[in-house]
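Number of protein chains: 2
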Amino acid sequence: MRRQNLRVVGKPLPRVDAGDKVTGKSVFVADVSLPGMLHAKLVRCPDSHARIVRIDLSRAEKLPGVKATITGKDLPTRRDCSTMAVEVVRYAGQPVAAVAADDPRIAEEAARLVRVEYEVLPAVVDPMEALKPGAPVVWPDGKRQKDHRGELLPPNVTGYSHFVHGDVERGFKESDFIFEDTFVTQTVHQGYLETHGYIAEADRATGKITLWTSTQSQFNLRGALLGMFRLAASRLRVVGLSIGGGFGGKSEVTMEPVCIVLAQKTGRPVKLILTREEDMTACTARGKQVIELKTGVKKDGRLVARRARIVGDGGAYGYASLMTVLVHGPYRIPNQESEGLNVATHTVAAGAHRAPGAPQALFACESQMDIIAGKLGMDAVEIRRKNLVNEGDFVAGALKMPRNGWRKALEEAADKSGWAQRKRRRNRGMGIACGPWDGATNISSAYVILDSDGTASVISGAVDVSGTDTSFAQITAETLGIRMEDVTVSLGDTDSTPYVDGSWGSRVTYAMGTVVKRAAEQVRKQVLGLAAKQLGEKAEDLEIVEGTIKSRKRPGKKMQLRELAQQALWEGGPLTGQASLSSLPSQPALAVQVAEVEVDRETGAVAVLKLTNAQDVGYAINPMSVEGQMEGAALTGMGYGLMEEYVYEEGPAAGWRLLNPSFLDYRLPTSLDMPEIESVIVEEPTDTGPFGVKGVGEPPVIPTAAAIANAIEDAVGVRIKELPITRERVLRAMQDAERDG
Amino acid sequence: MRRQNLRVVGKPLPRVDAGDKVTGKSVFVADVSLPGMLHAKLVRCPDSHARIVRIDLSRAEKLPGVKATITGKDLPTRRDCSTMAVEVVRYAGQPVAAVAADDPRIAEEAARLVRVEYEVLPAVVDPMEALKPGAPVVWPDGKRQKDHRGELLPPNVTGYSHFVHGDVERGFKESDFIFEDTFVTQTVHQGYLETHGYIAEADRATGKITLWTSTQSQFNLRGALLGMFRLAASRLRVVGLSIGGGFGGKSEVTMEPVCIVLAQKTGRPVKLILTREEDMTACTARGKQVIELKTGVKKDGRLVARRARIVGDGGAYGYASLMTVLVHGPYRIPNQESEGLNVATHTVAAGAHRAPGAPQALFACESQMDIIAGKLGMDAVEIRRKNLVNEGDFVAGALKMPRNGWRKALEEAADKSGWAQRKRRRNRGMGIACGPWDGATNISSAYVILDSDGTASVISGAVDVSGTDTSFAQITAETLGIRMEDVTVSLGDTDSTPYVDGSWGSRVTYAMGTVVKRAAEQVRKQVLGLAAKQLGEKAEDLEIVEGTIKSRKRPGKKMQLRELAQQALWEGGPLTGQASLSSLPSQPALAVQVAEVEVDRETGAVAVLKLTNAQDVGYAINPMSVEGQMEGAALTGMGYGLMEEYVYEEGPAAGWRLLNPSFLDYRLPTSLDMPEIESVIVEEPTDTGPFGVKGVGEPPVIPTAAAIANAIEDAVGVRIKELPITRERVLRAMQDAERDG
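Chains U and A are the protein sequences, given in the same order.
Using the numbering used here, the letters of the first sequence map in sequence onto residues 173 to 913.
Using the numbering used here, the letters of the second sequence map in sequence onto residues 173 to 913.
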């Protein structure tokens, strides 16, 4: 289709940073060393809930090479915060003090010399336990929440949301069948390879702070720190370095304040690189959720009503992603009601993780869809086909569904997986699930500069977490009619680029790509205007093809972009473009996955044989990059479905500690676990994204766990409603089924 | 005057980088260390002219820790260039090879182990000697130059320029007196404190080169290197760091190619910091000039005609700054003719130095003005007053003189120095001289960004060599109605900012200040547009005062810029401005200085007691900064007049070597040599500069040497026509005068 007219966009080109990444040239925060730099180390409480009785820093301070020590009282917050406890520790691993020394080994030794006396308190590390009367209360002085009926909620509920559309009670009455199921998801880590790290420097003369770090959003991080330190924006510069993965986990303030305060105290740069254990225990995680669904359906499979209740573990200091809208799935349900409870527990703060809240919500929604289909004797594809929203439908009572490729994605997933033709084989099964995702747009801005030889630069403050710099280069090259290798994409820091929102929400190629394209179009317009004068042609008759500006009407009329760029310097100065936007229309995306599994009846082990992954991407600027996103997401979804989980040892003796804060004991899927993945890119271009794109990074992580659960039921007839689907759970379910059957 | 209406501009505010500079936080290239970085060392020829017979690198290469060696043949030029000789060495100290090693000491040792066999050739280190028949020829295969009459010039003349206006022969006929004098100036160093240094890194996968260095122009340096290495602009990133002085000396390619080639060979970053000796012998210098003036005047002192001939030492690889126009001074001379000869010698390349060519030309012009005044019995101020160009005069046959403060500067210098009231005191004297300077404008571009809390950022690719970042902050703060401390000024590298010409030619505040102001005005316009809607006022009735947007008509109508900036993010995205320009009208400046000296008749030593320094600056954005420029320049001018000189030991035995390549033997004036300086800022605002500015950095270095020479004659009656005016020269002149008298 349109791809045929494009030269750079739509091509599967290698990432612009590929060379730097594979040769180790990319600069991560751990690589940076500044003159006179100190090294920080955290002193952390091993227990999940404890009162700090006394902190004795004296032995640490006497150690030669130690330059500063701080406790939570030195932070500008002056009260307990996730970064550091002042009075009460609220999760195991929470820092209570920190040291800065000339050398990382001295800092480590000094941290060991800090003596902290604790009074260990009873803790609660499970959100359902936390709701029970008599459970330890995480925030005894917190404001009590009420539900939508005005009834007081249990004291550990620290946030509540409610969504209603239609009339669920009437809907249930109109239903032929009612299904009620409870699904449980676990706490998992975002799984980025590079742990959090920071270098802070504070200028004593001006007070200006510079922070080098690994972040998905220089500006949002700066905003949070400005509030905490009460600074003007001009007084804090955040410099985002290469990022070794974020997946939502590098979106919030973690230990930056520790580095900043130590830098302020010492007047020297201070570096802190978290160990894996520190990172897993003291940053953020995707929190456990318990989702109850009550769904009413007609005999023919039409969904009529759904009530959902999501209990989300917010950890001590975080907020659960409660997807009260998305829990209703990509379906037309005339009557919807849902409530979300954010429950505080004595665990690590809940935070964003790739498609926050959606893998949980859709694990529930899509598992129940198969339960319903099974009961009604319907095909799993057919029931989805019947209920899927159409263009023009009002979704969640608000958004009018734009033109989309959702149905095509569903059909492609079924088609490419051989759904209709599948044969029954012992212990093997197939399962399908959908992953809808609205995608963010948010504040975006970018510059495009035409250089003096007709090459170009793109500059913005948006960190590349997923290959978006490559898309920017393609968009700019396409718009200016030059080669991709002649485009340089640079990340500017917060002092040198306009505000942009973070690299999250699958928003970057969609919204940032839009401003890049607009800025490049401004440059193109200026180029063609100047060329038109020189060539005696109309600007609208000119095109730029591989660096040559030529007339479409008179082929002989042409000039090199290179020459024009040089001349432009002397005829008004460099040509540049700049564009900003606040938001774009929402363009919801859908990933549909079919999992094919084989279950080992002896061990309960589930082998994923194949994942067929069809996704409505609007338009793929770089199909190779899109496939990479789809494959990576599916593998993450598989890890979520089968392997990953934060395991807490419960009970006062153990202090409710996290048992597996390492990538040895916490098992992420590796390339050895990678199933065959078939990615099917479905293109139904949007009207609003550059070249028709919509966000692609998050949708394909959403359906995988449900698809696998559905496939397991197809294979061995057991329905697992709790993640991860470990072999123990499968084995037990099979044993129970055998016993009951 | 207008100053009263301004809040930030026009105020003597401390430099924005003052804190960083005095606390040592500014990052210079020597401060930068990259992982895996190698250290380079040059192997240099001690002789001024030699043929390379053989270079034996084997012993150096065997030294453990040595990672690469190169000779001139490895440079992309493939023939002798100033950076490195391939076959023939043409100045003492020219590199012939280089090594890169793990450690600077290993590199130094390895450089010593390189054995080079030379055939020493006869050299010529003085441009007048180089013109003589039979002189050694620097470029035997070079194209022979012809003069304007078509006559062949001596073989060492490698460049020729000719300027004519009116008819000098007729002018001489109309003159009452003819004066013929020859003036000689010496070779001096620019005197920057930070020697040249570079770190180059070459990405082996992409070929992309990054160069961190101390440069006055990231883009011009990049341009020169792109040509040499045949690269697209997107393949070379130049990162200008803090600069420890430039004064024209950091405008050209010096040893960058050595670092780049070593980085390409090793795949590792390579650092090279020149020693003072290397810097003085192998970079650039202000070359010696011999200036012959023949001037015809009327009895009443009116200048009628001048013929000038400037012989400039270009060194082996450089080009002398031949000021064939400016040698006629700031005067109406109806008939002018001049020629300039660039002469190659076996010395360091001539290059730019603060007001290139002008201190030489004006030393001649302004010395002769006093000779003429003396002969005619006229007052030195009076003869200048009589001949000074007026507004509307055509200068140099082309430029129509705009409105200016030249006469005022002349009168102020006379007035403030007490010229008219001066009394004769033994061995004391006063001298006056003028320093006219056109000032450059050139390609400029800048961004201004309004941040989310109403603070602002300025970004450009223009290196701050003289406090210009402070002016940018003032201009932006004034335009946006915010405090200067709420403006951040950032230097972007060549990948992230549009092209700008170098920080030279006194152009930055004038031309760059213009684009900064225009960009800030764009932001202001958007701000007032949004505010007008919110306040229900007309944009033109609004003003921004100290962060508050308010109506001039209805004082109650107001809002905070901070709030508006935040809202703007959600109503279209960040507000930014960008401006570019190619050139602005020339706004010639004039510095007039009066030197008061005392001469020691025993030793010939000249003590400068006071320098009165009046300068037409258009408008002083920051009077403190302007005074700093004026004082610094006057001291540089005094060093040029009295102290500094490259001394060559001539003759084949010595190899014509430079005898004083260190700041011990080459005496720069220090703060101990500082005379009393009275700076008089004359403001006659221009129509074209921001707030009326014109360039200020270069003019005040121009007249000092002549003013001192004139004062010496006033004091002890001897006319010294050769710089520097050493005590030996003064003593000998006094002895000659006594003997002759």
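Be aware that a few hints might be false.
If several chains are the same, the list does not tell them apart, and a pair holds so long as it fits within one copy or across any two.
[What the hints assert, rightly or not] Here are the computed lysine to aspartate or glutamate pairs in the EDC-like style, where the Cα-Cα straight-line distance is at most 20 Å: (1) K466 <-> E900; (2) K595 <-> E822; (3) K234 <-> D275; (4) K547 <-> E657; (5) K193 <-> D203; (6) K193 <-> D375; (7) K725 <-> E352; (8) K725 <-> E289; (9) K470 <-> E259; (10) K588 <-> D298; (11) K470 <-> E341; (12) K580 <-> D845; (13) K471 <-> E774.
The set of hints was computed from the structure by calculation and includes no laboratory data.
Keep in mind the model is a prediction, meaning the values are calculated, not measured.
Hint-by-hint comparison with the structure:
{"no.": "1", "hint": "K466 <-> E900", "in the structure": "neither (27 Å within a copy, 105 Å between copies)"}
{"no.": "2", "hint": "K595 <-> E822", "in the structure": "neither (45 Å within a copy, 98 Å between copies)"}
{"no.": "3", "hint": "K234 <-> D275", "in the structure": "within (15 Å within a copy, 35 Å between copies)"}
{"no.": "4", "hint": "K547 <-> E657", "in the structure": "neither (56 Å within a copy, 69 Å between copies)"}
{"no.": "5", "hint": "K193 <-> D203", "in the structure": "within (13 Å within a copy, 26 Å between copies)"}
{"no.": "6", "hint": "K193 <-> D375", "in the structure": "between (32 Å within a copy, 11 Å between copies)"}
{"no.": "7", "hint": "K725 <-> E352", "in the structure": "neither (68 Å within a copy, 66 Å between copies)"}
{"no.": "8", "hint": "K725 <-> E289", "in the structure": "neither (84 Å within a copy, 65 Å between copies)"}
{"no.": "9", "hint": "K470 <-> E259", "in the structure": "neither (56 Å within a copy, 93 Å between copies)"}
{"no.": "10", "hint": "K588 <-> D298", "in the structure": "neither (41 Å within a copy, 84 Å between copies)"}
{"no.": "11", "hint": "K470 <-> E341", "in the structure": "within (15 Å within a copy, 111 Å between copies)"}
{"no.": "12", "hint": "K580 <-> D845", "in the structure": "neither (29 Å within a copy, 84 Å between copies)"}
{"no.": "13", "hint": "K471 <-> E774", "in the structure": "neither (37 Å within a copy, 121 Å between copies)"}
The structure fails to meet hints 1, 2, 4, 7, 8, 9, 10, 12 and 13 from the earlier list, while all remaining hints are met.
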